[in-house]
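Those protein sequence lines, which keep their order, are chains A and B.
FYI, the numbering for the first sequence is 1 to 280, going by the numbering used here.
FYI, the numbering for the second sequence is 1 to 247, going by the numbering used here.
If you are wondering where the hints come from, they were derived from the structure by calculation, not from laboratory data.
Everything numeric in this text was worked out from a predicted model, so none of it was measured.
In this text, a Cβ means the ideal position worked out from N, Cα and C, and glycines have one as well.
It is possible that part of the hints are untrue.
What the hints assert, rightly or not - Here are the simulated lysine-lysine pairs, DSS-like style, with alpha carbons at most 25 Å apart:
(1) A/K93 / B/K25
(2) A/K179 / A/K164
(3) A/K179 / B/K26
(4) A/K89 / B/K213
(5) B/K25 / A/K134
(6) B/K26 / A/K93
(7) A/K164 / A/K134
(8) B/K26 / A/K134
Stated by the list, open to error - Which residues of chain A face chain B? A few of them, derived with a C-beta cut under 7 Å, are:
(9) L52
(10) L53
(11) S76
(12) N86
(13) P88
(14) F106
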Amino acid sequence: MMMEIKNVSFGYNRKQTVFDDFSLTLGEGSVYGLLGRNGTGKSTLLYLMTGLLRPHRGEVLYQGVNVFLRRPETLSQMFIVPEEFNLPKVSLKQFVSLNRPFYPRFSDELLRSCLRDFDMNEDIHLGELSMGQKKKAYMCFALATNTQLLVMDEPSNGLDIPSKSQFRRVVASGMAEDKAVIISTHQVRDIDSLLDHVVIIDGSRTLLNRSVADICSHLCFTELSSGELTGDELFTQPSVHGQSVILPNRLGEEEGTLNLELLFNATLAHPEKMAQVFGE
Amino acid sequence: MKRNNTLSLHRIRLLMQWDWALNRKKYIWEWMATFMAYFAINWFLLLTAGRTHDLDGFQAVALFSVFLLFAIFAARGLADPVSHNETRLTFLTLPASNGEKFLYRALFVTVFYFVISAVLFVMADVAQYVCRLMLEWGMPYLQFSTSPTLVTSHLPMVFTQSFYGMLPLTMSLSLLLIHATAVLAGFLNKWVFAVIMLIVLRRSFFALNWMEKATGGEVLLANMVLICLIVFCWWLAYRLFCRRQIV
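Sequences and hints are given; from them, build the entire structure.
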């Protein structure tokens, strides 16, 4: 396993425990969507994964090494794009030349490709960009570092509509079998077509940790009118066309399209029922 | 041969380049402010020295004290990259070991700052000389190159003579302790830093009086204690540095 979070307990103070005996494992070769309610600890989990926070108990291991040791060989294999960040007031070229020596797998070709996908050129000055443009530039650099683990916290925040589809294309094109991308977001519609794996957390529990293929082989997401409901539905919620429903996917039925928002709501509302569907 | 992956001179050099490129404006502004302060002190010393070329002991100590204050504030700057929200995340995730990051900051705020301060000090002296030439005020001279001078007589006198009864090694160690405390205090908030520094400075001056009556054995013991405290401060500063988190 690439990332192992073992029996981690963490809190910012004595009154506020974020994780209590929390465990999670993540492998390579997938784009993970990390979902959860506000304040449930998604950003905290990302910081724990990248050695920016130290658990009070338990350990976070990246390829068997404790990330909080902050070894250069570990840090050079991971990159985090936080929700808020500061870029120095230098040109992109200078920023790249200063930081790339720390990342042995840095790829100029990837950088150029990502910038092209975002309709940006290399001759930009980071101090003169808008917030959205800075985010795109920073994501291009992040992808160009070619690290095995890329962690992004709310990456589509601040991006305009065209940039969101560009973002999906950019992340998808940068994927490889030995890499993992973990995206924490509330904007599920921005990433649902990008994900290979869904992780939903709530408090100290992992409510769901399944591949998209697995989810779609067990569940069917569809729209029904109120009169068509039979009572077999696992979850329903009102929609424009009537009811958005989750049904068990009968054996032999074709895999449907994942409705991430519906899955998220269903998992939070009925975690035990959803766990039963997957035989847990 | 096993490569030491936690202490690489190459990465330390990269860190220094990275830090300089991103923060050089800030450093240059600080050095300009330091230069102006030294320039002002130069003029103060000139005016208080009157018409003589000699600087008396009081002026030497005053100058030395100012230099020490700058060293203290520079030492506190060791923790800067991990103390400010804007830089903390980037610095902590930069692929270099804790040891490399700490070592480069330590070298920067001790050796490098000392050299820069000395250079700025001499530049300020040259600047006052040039100003006096241009203003045609008195007989211009460099305060640190004529004899007897601050560098060749008064400052060494502070360390080699029985200054307030304190032996030179003990005095040097006391100064290093003040500096080490400033390094440690840089990881604390500025009010705690101010209180700690006041206590340490006050204790240092108290020790000066105690040393007048101390025996050789007591001085030796005091020196050992000072060395242990200096090592402790630096060790604790390193531990706090390693345990720094994003929040």
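Results for each hint:
no., hint, verdict
1, A/K93 / B/K25, "19 Å, holds"
2, A/K179 / A/K164, "21 Å, holds"
3, A/K179 / B/K26, "38 Å, violated"
4, A/K89 / B/K213, "58 Å, violated"
5, B/K25 / A/K134, "21 Å, holds"
6, B/K26 / A/K93, "21 Å, holds"
7, A/K164 / A/K134, "14 Å, holds"
8, B/K26 / A/K134, "22 Å, holds"
9, L52, "4 Å, holds"
10, L53, "5 Å, holds"
11, S76, "4 Å, holds"
12, N86, "4 Å, holds"
13, P88, "5 Å, holds"
14, F106, "11 Å, violated"
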